[in-house]
Every structure is written in C-alpha cells, then in structure tokens.
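Colleague: As you go down the protein sequences, you meet chains A and B in turn. For the first sequence, our numbering assigns the number 1 to the initial residue and increments by one for each residue that follows. For the second sequence, our numbering assigns the number 420 to the initial residue and increments by one for each residue that follows.
Simulated from the structure, these hints should not be mistaken for lab results. Warning: the hint list may mix true and false statements.
[Unchecked claim] Derived lysine-lysine pairs resembling DSS-like cross-links, with alpha carbons at most 30 Å apart: (1) A:Lys58 <-> B:Lys537; (2) B:Lys462 <-> B:Lys422; (3) A:Lys183 <-> B:Lys523; (4) B:Lys477 <-> A:Lys76; (5) B:Lys538 <-> A:Lys84; (6) A:Lys58 <-> A:Lys396; (7) B:Lys477 <-> A:Lys183; (8) B:Lys537 <-> A:Lys73; (9) A:Lys417 <-> A:Lys396; (10) A:Lys322 <-> A:Lys58; (11) B:Lys538 <-> A:Lys76; (12) A:Lys265 <-> A:Lys183; (13) A:Lys97 <-> A:Lys183; (14) A:Lys417 <-> A:Lys399; (15) A:Lys183 <-> A:Lys224; (16) A:Lys58 <-> B:Lys523; (17) B:Lys496 <-> A:Lys58; (18) A:Lys30 <-> B:Lys537; (19) A:Lys322 <-> A:Lys411; (20) A:Lys76 <-> B:Lys537; (21) A:Lys183 <-> B:Lys496; (22) A:Lys58 <-> B:Lys438; (23) A:Lys265 <-> A:Lys84; (24) A:Lys328 <-> A:Lys269; (25) A:Lys73 <-> B:Lys508; (26) B:Lys537 <-> A:Lys84; (27) B:Lys508 <-> A:Lys183; (28) A:Lys229 <-> A:Lys183; (29) B:Lys477 <-> A:Lys84; (30) B:Lys538 <-> B:Lys508; (31) A:Lys269 <-> A:Lys183; (32) A:Lys322 <-> A:Lys333; (33) A:Lys336 <-> A:Lys404; (34) A:Lys220 <-> A:Lys269; (35) A:Lys73 <-> B:Lys477; (36) A:Lys240 <-> A:Lys220; (37) A:Lys97 <-> A:Lys76; (38) A:Lys340 <-> A:Lys411; (39) A:Lys58 <-> B:Lys462; (40) B:Lys438 <-> A:Lys417.
The primary structure of each chain is shown beneath.
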Amino acid sequence: MKTLEYDTVVIGGGPAGIAAAIKATELGLKTILIENRDLLGGIPLQCVHTGFGLHYFKEDLTGTQFVTRLLDKLEKLRVEYLLKAHVHSIEYLDYDKKLVNVVTPQGVVRILTKTIIYTTGARERHLYEIGVVGDRPDGIYTAGEAQTLMDIYGIMPGREVVIIGSGDVGLIMARRFALEGAKVKAVIEILPYPGGLMRNVMQCLRDYNIPLLLGHTVVKVVGKKRVEKVIVAKVDENFKPIEGTEFEIPCDTVVLSVGLRPYLKVLEKLGIHIDPATGGPVVNEYLETNIPGVFVAGNALVVNDLVDYAVEQGELAAEGAKVFIENKGIPTKNWKLVEKGRNIRLVVPHAVSGERDVIIYARVANPERNVYVQIPELGFRLFSYGVRPAEMIWFKLRKDMFSKLGADVNKITLEVKPR
Amino acid sequence: MSKELELTCIICPASCTLKVTVEDNKVIKVEGNLCPRGVEFAKNELSNPVRYVMSVVKVRGGDLPTVSVVTRNPVPKNCIWQVMEALAKVEVEAPVEIGDVIVKDICGTDIIATRRAKKI
Ligand SMILES: Cc1cc2nc3c(=O)[nH]c(=O)nc-3n(C[C@H](O)[C@H](O)[C@H](O)COP(=O)(O)OP(=O)(O)OC[C@H]3O[C@@H](n4cnc5c(N)ncnc54)[C@H](O)[C@@H]3O)c2cc1C
Numbered sequence: 001m002k003t004l005e006y007d008t009v010v011i012g013g014g015p016a017g018i019a020a021a022i023k024a025t026e027l028g029l030k031t032i033l034i035e036n037r038d039l040l041g042g043i044p045l046q047c048v049h050t051g052f053g054l055h056y057f058k059e060d061l062t063g064t065q066f067v068t069r070l071l072d073k074l075e076k077l078r079v080e081y082l083l084k085a086h087v088h089s090i091e092y093l094d095y096d097k098k099l100v101n102v103v104t105p106q107g108v109v110r111i112l113t114k115t116i117i118y119t120t121g122a123r124e125r126h127l128y129e130i131g132v133v134g135d136r137p138d139g140i141y142t143a144g145e146a147q148t149l150m151d152i153y154g155i156m157p158g159r160e161v162v163i164i165g166s167g168d169v170g171l172i173m174a175r176r177f178a179l180e181g182a183k184v185k186a187v188i189e190i191l192p193y194p195g196g197l198m199r200n201v202m203q204c205l206r207d208y209n210i211p212l213l214l215g216h217t218v219v220k221v222v223g224k225k226r227v228e229k230v231i232v233a234k235v236d237e238n239f240k241p242i243e244g245t246e247f248e249i250p251c252d253t254v255v256l257s258v259g260l261r262p263y264l265k266v267l268e269k270l271g272i273h274i275d276p277a278t279g280g281p282v283v284n285e286y287l288e289t290n291i292p293g294v295f296v297a298g299n300a301l302v303v304n305d306l307v308d309y310a311v312e313q314g315e316l317a318a319e320g321a322k323v324f325i326e327n328k329g330i331p332t333k334n335w336k337l338v339e340k341g342r343n344i345r346l347v348v349p350h351a352v353s354g355e356r357d358v359i360i361y362a363r364v365a366n367p368e369r370n371v372y373v374q375i376p377e378l379g380f381r382l383f384s385y386g387v388r389p390a391e392m393i394w395f396k397l398r399k400d401m402f403s404k405l406g407a408d409v410n411k412i413t414l415e416v417k418p419r
Numbered sequence: 420m421s422k423e424l425e426l427t428c429i430i431c432p433a434s435c436t437l438k439v440t441v442e443d444n445k446v447i448k449v450e451g452n453l454c455p456r457g458v459e460f461a462k463n464e465l466s467n468p469v470r471y472v473m474s475v476v477k478v479r480g481g482d483l484p485t486v487s488v489v490t491r492n493p494v495p496k497n498c499i500w501q502v503m504e505a506l507a508k509v510e511v512e513a514p515v516e517i518g519d520v521i522v523k524d525i526c527g528t529d530i531i532a533t534r535r536a537k538k539i
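Sequences are here, hints too, so could you generate the full structure?
Modeller: See the structure below:
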C-alpha cells in the first residue's frame with residue numbers, strides 16, 4: 001500500500017470541491033480532489049435549466065455551463081483528482097497530520113495530509129423521513145435520481161408522475177417531466193404556500209397546467225411491482241392528515257423533493273460537532289470545524305439555494321487551509337459567537353474574529369415582510385422587502401464594523417425585526 | 420376602457436408581483452417592479468410571451484449518452500412543443516462543444532449545446 005502526501009485533500013467533486021481545489025492550487029498548496037462518482041461536477045452537471053452563476057460569473061448559465069467553466073479551470077491548472085474513489089475513513093494523527101483512507105478501483109490509497117476540505121454535498125430526504133406509509137414498489141425516485149436518469153443518461157423514469165414537495169427543485173422537475181411528454185398529475189405541498197420562488201410556480205407549473213395542491217400530503221403509496229397510485233389527504237394546521245379528506249391519484253412514478261440534509265458520516269466518526277439547525281458542522285469564519293485543519297464547504301456545510309454560495313465557501317475553505325498551514329493552526333485567539341436572535345432559524349459561520357471581512361449566510365424561521373435584518377452589537381442593519389425560509393440571507397460584514405465592539409464582547413446576535 | 424391585472428415577473432428570482440394596467444390591448448402602466456426589466460416582461464407577456472426551452476439530446480460515441488441544450492433566445496410559448504418534437508428526433512455525434520448548434524433555425528432561433536460530450 002502506498003502513502004501519498006499533500007497539503008490539502010478535498011473530498012467531493014461538486015462545485016464547492018472543485019472551487020476549493022482550484023483556489024488551494026492557486027495559493028500554492030499541494031492539492032488532490034477525491035470524487036465518489038465516475039465524473040466530476042456534482043449536482044449542476046445534471047441541471048439543464050438556467051439560474052446558475054448570476055453572482056459568481058454575472059451571467060445566467062445552465063448548471064452544465066456553470067460547472068464546465070469550473071472544470072476547465074481545474075484541468076488548466078492540472079489539479080490532481082481521483083474518480084470512483086470512496087473515502088472509507090479519516091484518522092486524526094496530529095493537528096497537522098491526518099490520514100485519509102480511500103478505496104479506489106486500483107486498491108486502497110492512503111493519503112497523509114495537513115488539512116482536509118470536506119465538500120460531499122447533501123443527501124436527499126426520503127419517504128421514511130416524511131411519514132409516508134404503504135408499499136415500496138419500483139417508480140419511487142428522489143428528484144436527484146430522476147434528474148440523473150433523464151438529464152445525464154437520457155432515460156425517462158416514468159409517464160404519470162406525482163411530485164411531493166414544491167421547493168424549487170420539485171417545481172423544476174415538474175417542468176422537466178412535462179417537457180419530456182410525461183403527465184405530471186400534481187405537485188403536493190404540505191405547507192399552505194409554495195416552497196419555491198413564485199417565478200418557478202409560474203414558469204414551471206402554470207405554463208404546463210400542472211396542479212399545485214397546497215396544504216395536502218401523500219399518506220400512502222400503493223403498488224405491487226410498480227407504483228399504481230398515491231393516496232392524498234388534506235392536512236390540518238399541525239400538518240396532520242384530516243380523516244375523510246383522502247382521495248387517490250393514479251400514477252406510475254413518485255418523485256420526492258422534500259429537502260436536503262448535509263451528509264457527514266465520515267466526519268461524525270471523527271467527533272465533529274453538528275449544529276442541529278443546519279445539520280452541518282459548527283464552524284468558524286474560515287469554515288474550520290472543531291477538528292483542527294478540517295474544513296467543510298458547500299451543501300455539506302449548509303444547504304445552499306445558490307451554487308454561487310457553495311463555490312464561495314469552497315474558496316474560503318481553501319484560504320483557511322493556507323492560513324492554517326502557514327500559522328500552524330488558525331491564529332485567532334478571541335472568537336465571537338454568532339447567536340440566533342428573533343426569527344433566525346440558522347446562521348453560518350458560528351464564530352467570527354472581527355479581524356477580517358466575513359460573509360454571513362442565514363435563514364429565517366417564518367416568512368415576514370418589510371423587515372430589518374440586523375446585528376445590534378455592530379450597529380449593522382439591512383432593509384428587506386421580504387424574507388422567506390426558502391431564500392438564504394447573504395451579506396458581508398466588513399472588518400471595520402467590528403472596531404466599535406469592546407474587546408470583552410464575545411458574541412454578536414443576528415435578528416430580524418419589523419420596520 | 421382600461422383594466423388592471425396581476426402578473427408575476429419571471430426574469431429574476433425576486434419574482435416581483437406586477438400590477439399592470441392595460442388599455443386597448445396596450446400596456447399603459449406597470450407597478451410593483453423593482454427594475455425596468457419588469458416593464459419589458461409585462462409587455463411581452465401580454466402580447467407574445469416567450470420562454471427559453473431546455474432539454475437534452477442523444478449523443479453517439481460520447482463520454483455521456485446525452486448533451487444538454489437550450490434555445491439561443493427565448494421562443495414564443497406556443498412554439499415550445501415544436502422545439503421539443505424536433506429535439507426528440509435529433510441524435511448527434513461526439514465530440515460536442517458548449518455553444519455548438521444542435522438544430523439550426525427553429526422558431527426564429529437555434530438550439531445550442533450547454534454540456535460537452537468528449538469522444539471516446
Ligand atoms: C434540482 C436542483 C436544482 C438546482 N437549481 C439551482 C439553480 O437554478 N441555481 C443555483 O445556483 N443552484 C441550484 N441548485 C443548487 C446547487 O446545485 C447546489 O448549491 C450545489 O450543487 C452545491 O454544491 P456542492 O459542491 O456543495 O454539492 P454537490 O453538487 O452535491 O457535489 C457533491 C459532490 O461530492 C461527491 N461525494 C459525495 N459523497 C462523497 C464521498 N464520500 N467521497 C467522495 N465524493 C463524494 C458527489 O458525488 C458530488 O460530486 C439546484 C439543486 C438541485 C438539486
């Protein structure tokens with residue numbers, strides 16, 4: 001068995017990982033990128049719709065165009081990568097020595113590294129997590145599985161489709177199926193309002209006369225070999241199905257688009273601290289976890305609505321790796337915790353130094369109109385016409401905003417307040 | 420006679436709710452838009468609504484079995500099925516580069532590739 005040595009190992013070859021590997025290489029770090037599948041690119045490689053890159057490239061690109069630009073840069077810089085490589089485990093030997101055990105088609109590879117950037121994306125939630133009972137025949141797919149079949153392999157998963165979940169992913173998949181000639185019977189949403197953008201409700205559902213059933217849920221899937229129908233019911237204000245409101249929708253395919261969760265199994269075994277609100281790790285402003293030199297970015301950190309944010313996080317983690325290696329650890333002594341105030345459901349990062357500019361990502365708990373998003377300790381305040389759980393709040397805190405803060409202050413609070 | 424109607428702008432994720440006043444089939448006022456593109460959208464949407472169409476087509480001899488495609492410009496909404504039917508019949512030969520024309524001159528535009536297919 002041979003052992004390779006690197007400054008940083010990037011695990012997961014989606015946008016966050018590719019961006020991290022590019023940045024780390026540009027910063028002069030000896031870098032290798034490890035990907036599970038037989039191709040790099042992550043989710044955008046199977047996204048044929050536009051809506052990618054408005055922040056990062058200032059252009060509206062398809063997912064495929066977006067990620068190809070990143071991949072071209074990766075190839076140009078000759079960044080090393082492994083495909084079909086499965087990270088089996090990570091061993092923490094010392095603060096600047098970790099051993100990554102990778103299973104590849106050529107055998108087990110051991111990689112000794114100073115830092116790790118973990119970018120494996122998020123896992124799609126499945127039927128058992130949303131309490132749907134009944135049969136488990138063929139014809140049940142997550143949105144990502146259906147998308148891979150259709151838009152990478154050119155295979156139609158089914159003809160008569162019911163979609164569970166009206167987030168942007170569910171809406172976009174409804175349009176994809178309709179365009180390819182499938183009959184989309186309904187999009188079913190448990191909340192009283194659509195999860196995705198109104199723009200997608202219009203151009204993905206209205207344009208194709210696809211019914212959106214709000215305040216409804218699928219209670220049961222029925223089918224012997226293949227899905228034959230779903231049983232749908234109205235829900236009450238506690239999201240419990242109301243007895244007597246059940247009806248059937250015949251279909252051969254059920255597509256699940258009921259949310260994503262960061263997927264960190266390998267890191268959990270290392271003793272990483274998880275934030276229950278994000279499902280991802282607790283991190284400082286370099287996106288470093290409680291394990292020194294282990295950074296997390298992209299959807300493995302927090303589920304991002306925009307690929308641009310995942311890329312930005314990947315680049316930041318690479319900068320963190322560089323700072324870590326140069327200083328034998330992140331040099332900050334005095335961290336300030338970022339606390340969740342009124343109507344904030346989650347916020348990343350969890351600790352900031354005030355020594356450099358930092359980007360804050362957050363989500364609200366409830367939709368609200370005409371509000372300030374603010375941090376009273378810094379006198380920071382941002383007006384917004386409306387905040388919604390489905391849309392991430394993104395803003396930059398400049399270093400100079402921290403100058404007013406007393407040295408003894410060890411927390412700042414993010415909150416949403418009505419104007 | 421003027422009448423008022425509501426539209427959702429689909430140009431960007433802000434999804435503005437537009438209050439549109441129409442007189443003699445002409446848009447005379449648009450409110451609720453955060454940027455000028457909302458006015459343009461409302462006018463188009465009421466006279467000749469257009470959409471980008473995105474899909475995949477089969478590839479022979481490529482590293483992946485499909486390439487993704489998009490109409491170079493948005494096409495009239497009632498042309499969407501014409502585009503999809505044309506795409507269903509197309510099969511291209513690898514290599515394909517992003518920007519390559521997959522179908523020429525259809526509904527007043529071309530269909531171009533948005534993913535690469537390397538020859539294998
Ligand atoms: C249907 C859909 C539509 C979307 N539409 C838009 C849009 O219009 N605009 C937009 O900006 N964003 C959109 N997004 C969001 C965007 O795709 C994500 O924000 C982005 O892909 C996150 O990048 P990532 O690198 O963190 O994760 P991913 O893209 O998920 O990449 C993770 C990579 O890690 C690999 N991996 C996983 N586990 C391991 C392991 N153990 N070892 C090695 N490798 C591993 C995976 O194979 C994958 O390649 C959409 C997402 C979906 C699902």
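Colleague: Next, verify each hint and record whether it holds.
Modeller: Now the hints, each set against the structure:
no., hint, in the structure
1, A:Lys58 <-> B:Lys537, "holds, 27 Å"
2, B:Lys462 <-> B:Lys422, "holds, 14 Å"
3, A:Lys183 <-> B:Lys523, "holds, 29 Å"
4, B:Lys477 <-> A:Lys76, "holds, 28 Å"
5, B:Lys538 <-> A:Lys84, "holds, 20 Å"
6, A:Lys58 <-> A:Lys396, "holds, 18 Å"
7, B:Lys477 <-> A:Lys183, "holds, 22 Å"
8, B:Lys537 <-> A:Lys73, "holds, 17 Å"
9, A:Lys417 <-> A:Lys396, "holds, 19 Å"
10, A:Lys322 <-> A:Lys58, "holds, 27 Å"
11, B:Lys538 <-> A:Lys76, "holds, 19 Å"
12, A:Lys265 <-> A:Lys183, "violated, 38 Å"
13, A:Lys97 <-> A:Lys183, "violated, 54 Å"
14, A:Lys417 <-> A:Lys399, "holds, 24 Å"
15, A:Lys183 <-> A:Lys224, "holds, 21 Å"
16, A:Lys58 <-> B:Lys523, "holds, 28 Å"
17, B:Lys496 <-> A:Lys58, "holds, 26 Å"
18, A:Lys30 <-> B:Lys537, "holds, 28 Å"
19, A:Lys322 <-> A:Lys411, "holds, 26 Å"
20, A:Lys76 <-> B:Lys537, "holds, 16 Å"
21, A:Lys183 <-> B:Lys496, "holds, 19 Å"
22, A:Lys58 <-> B:Lys438, "holds, 28 Å"
23, A:Lys265 <-> A:Lys84, "holds, 18 Å"
24, A:Lys328 <-> A:Lys269, "holds, 24 Å"
25, A:Lys73 <-> B:Lys508, "violated, 34 Å"
26, B:Lys537 <-> A:Lys84, "holds, 19 Å"
27, B:Lys508 <-> A:Lys183, "holds, 20 Å"
28, A:Lys229 <-> A:Lys183, "holds, 14 Å"
29, B:Lys477 <-> A:Lys84, "holds, 25 Å"
30, B:Lys538 <-> B:Lys508, "holds, 21 Å"
31, A:Lys269 <-> A:Lys183, "violated, 44 Å"
32, A:Lys322 <-> A:Lys333, "holds, 18 Å"
33, A:Lys336 <-> A:Lys404, "holds, 14 Å"
34, A:Lys220 <-> A:Lys269, "violated, 35 Å"
35, A:Lys73 <-> B:Lys477, "holds, 27 Å"
36, A:Lys240 <-> A:Lys220, "holds, 14 Å"
37, A:Lys97 <-> A:Lys76, "holds, 29 Å"
38, A:Lys340 <-> A:Lys411, "holds, 10 Å"
39, A:Lys58 <-> B:Lys462, "holds, 25 Å"
40, B:Lys438 <-> A:Lys417, "holds, 28 Å"
Taken one by one, the earlier hints fail for this structure at numbers 12, 13, 25, 31 and 34, listed in ascending order.
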